[in-house]
Amino acid sequence: MNCTDIQVAIHGYMDGELDPLRNLEIEQHLQHCAVCSQSYKADQALQTAVKTGAQYFPAPADLRKRIQSSVRQVGKSQRTLPVMPWRWLAVAASVVFVVILAWALIPRGLDAEQLVAQEVVSSHVRSLMVAHLADVMSSDQHTVKPWFTGKLDFSPPVKDLSKEGFPLVGGRLDYLENRPVAALVYKRRNHVINLIIWPSSHDTHVKTKALARQGYHLVHWSQAGMMYWAISDLNDTELQEFVRLVQASS
Amino acid sequence: MWKERNVPEQTVARFEQVVLPHMDAAYNLARWLTRNDHDAEDLVQESYLRAFKFFGSFQGANARGWLLTIVRNTCYTWFRENRPQELTTSFDENIHSTEADPFDPEKLLLQSESGQLIKQAMEELPLEFREVLTLRELEGLSYKEIAVIAGIPPGTVMSRLARARSRLKQCLTKLVNKE
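Just so you know, the protein sequences line up as chains A and B, in that order. In terms of the working numbering, the first sequence opens at residue 3 and continues consecutively. In terms of the working numbering, the second sequence opens at residue -19 and continues consecutively.
Hints were generated in silico from the structure; no laboratory data involved. Hints should not be assumed to be uniformly reliable.
To be verified - To give an idea of the interface, some chain A residues facing chain B are shown, with a C-beta separation under 10 angstroms as derived from the structure:
id, residue
1, E19
2, P22
3, L23
4, K53
5, T54
6, A56
7, P60
8, A61
What the hints assert, rightly or not - Think about it this way: if two alpha-carbon atoms lie no more than 20 angstroms apart in a straight line, the pair counts; the simulated DMTMM-like pairs of lysine to aspartate or glutamate are:
id, chain 1, residue 1, chain 2, residue 2
9, A, K67, B, E108
10, A, K53, B, E26
11, B, K99, A, D45
12, B, K99, B, D4
13, B, K124, A, D17
Unchecked claim - Quick partial rundown of chain B residues pointing at chain A, CB under 8 angstroms, derived from the structure:
id, residue
14, P(-12)
15, A41
16, K99
17, R116
18, S139
19, L141
20, A142
21, T153
22, K154
23, L155
24, V156
25, K158
Virtual Cβ for every residue (Gly too), placed ideally from N, Cα, C.
Chain A with its partners taken away, still in its complex shape (with noise of 0.2 angstroms):
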């Protein structure tokens, strides 16, 4: 080892980060070597005074407290979002807006078609309102049917109608006139028709009928035992063609 090989590798041998057979050839070198050895007595010399002399500056006590409160700020806003929040507020800011609605569009004194189709149309337009068109999505009518078994006390007649053009997309869970119903939802090329059914109260058998709500169609009827109303966005001419179809299948 030359003075020149020695440069850059005294300063490991000074931080003790070489093997031992290099520190003994690095020694050995200092032992010969005049100019090395004074060059390395103010190396250490340095060390010394930058490890003694420079100032290690400690986080100020306030920036700790902030960065503690920050951080716990955060780990609380991990915590509350998985849960969505607002997502909850939207289902019930458009609850709230529907029941308004209701509120302030049913005129006192209606009748009991009047009410259904008013809680038709809530559902209808709360299913398209809040994304939850259909808690089972499925073409497949052996998909949805049976999903209704146990959470619901009768067994929807459920049929798709792909091949007619009304495709079958799911069906969902709703509640209206004071019970569970089923709502089956049908596409018409953009447009969502829901069905809903539910058994019907009472043995009056109860003609096919056509209303207009807010610019819905709406069509109800009975059948079997079974209350139906249909309502979509869809031109009267396509939701009565629609209905027509359930009504054969059924």
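On the provided structure of chain A, position chain B as indicated by the hints.
Just chain B, lined up with the frame of chain A:
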């Protein structure tokens, strides 16, 4: 659901236990790199939030090294955006330029304000020299740890320290002789 809610609380508690105690090291590094309190505080706070975000990927071996790597990278990003000239500073690499005027440690230590002189000399050094000197002399880290934090091979740590100390000697000699 309640069980899930407790997980972030435990994470915060573990983070406070494992990473918060190294705040002095984080601040000291940021302070020597930026050379001012205000930027150092901002960068340490930013580093801590980043560390918390990536705490899940921390393997648990060396919290100080892990945090200092984040602080170092956060500072370098800040330099790139705010002081790009500091990253490209070139200087004369002449180890023997002070041979005519050798460093005299006795003379330095006789100065009543030697600490102030060392601080001033270190602050004149280029960023990458301040970095290795802070990590080695003030934090007492091994070459291996410094290599990980600075993102360089351990051999480079030694040569960079050699250059940094030589440069520091020059600056100190200049300052001492001026006094």
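For each hint, the structure was consulted:
1. The restraint placing A:E19 at the interface with chain B holds, with a minimum CB-CB distance near 5 angstroms, inside the 10 angstroms limit.
2. Taking 10 angstroms as the C-beta contact cut-off toward chain B, the hint placing A:P22 at the interface is violated, the least distance being around 16 angstroms.
3. With a least beta-carbon distance of about 16 angstroms to chain B, the hint placing A:L23 at the interface is violated under the 10 angstroms criterion.
4. For A:K53, the interface hint holds, the least distance from its beta-carbon to any beta-carbon of chain B being 5 angstroms, beneath 10 angstroms.
5. Hint status for A:T54 relative to chain B: holds, with the closest Cβ pair at about 8 angstroms, below 10 angstroms.
6. Checking A:A56 against chain B by beta carbon gives a least distance of about 5 angstroms; that is within 10 angstroms, so the hint holds.
7. About 5 angstroms separates the beta-carbon of A:P60 from the nearest beta-carbon of chain B, less than 10 angstroms, and the hint is met.
8. Taking 10 angstroms as the C-beta cut-off, the interface hint given for A:A61 holds, the closest approach to chain B being about 4 angstroms.
9. With a C-alpha separation of about 30 angstroms, the suggested pairing of A:K67 with B:E108 is violated against the 20 angstroms cut-off.
10. Between A:K53 and B:E26 the alpha-carbon distance is near 28 angstroms, which puts this suggested pair outside the 20 angstroms criterion.
11. Distance check on the hinted pair: B:K99 and A:D45 sit about 17 angstroms apart at the alpha-carbon level, within 20 angstroms; holds.
12. This hinted pair checks out: B:K99 and B:D4 have alpha carbons roughly 18 angstroms apart, not beyond 20 angstroms.
13. Between B:K124 and A:D17 the CA atoms are separated by roughly 12 angstroms; this keeps the pair inside 20 angstroms, and the hint holds.
14. The criterion of a C-beta within 8 angstroms of any C-beta in chain A is met by B:P(-12), whose closest approach is roughly 4 angstroms, and the hint holds.
15. Hint status for B:A41 relative to chain A: violated, with the closest Cβ pair at about 20 angstroms, above 8 angstroms.
16. For the restraint placing B:K99 at the interface with chain A, the shortest Cβ-Cβ distance is roughly 6 angstroms, inside the 8 angstroms limit, so the hint holds.
17. The interface hint given for B:R116 holds, since its Cβ lies 7 angstroms from the closest Cβ of chain A, which is under the 8 angstroms cut-off.
18. Evaluation of the B:S139 hint against chain A yields a held restraint, the C-beta minimum of about 5 angstroms falling below 8 angstroms.
19. With a cut of 8 angstroms, the hint placing B:L141 at the interface with chain A holds, because the nearest CB-to-CB distance is about 5 angstroms.
20. A distance limit of 8 angstroms between C-beta atoms decides the matter here; for B:A142 the minimum to chain A is near 4 angstroms, and the interface restraint holds.
21. Interface hint at B:T153: violated, since its Cβ lies 10 angstroms from the closest Cβ of chain A, which is beyond the 8 angstroms cut-off.
22. Violation of the interface hint for B:K154 is found here, the shortest Cβ-Cβ separation to chain A being roughly 14 angstroms, above the 8 angstroms cut-off.
23. A hinted interface residue such as B:L155 counts as satisfied when its beta carbon comes closer than 8 angstroms to some beta carbon of chain A; here the least separation is about 12 angstroms, so the hint is violated.
24. Of the supplied interface hints, the one on B:V156 is violated, with its beta-carbon coming no nearer than about 11 angstroms to a beta-carbon of chain A, more than 8 angstroms.
25. At about 17 angstroms, the closest approach between the beta carbon of B:K158 and any beta carbon in chain A exceeds 8 angstroms, and the interface hint on this residue is violated.
Consistency with the previously given hints fails for numbers 2, 3, 9, 10, 15, 21, 22, 23, 24 and 25, ordered from lowest to highest.
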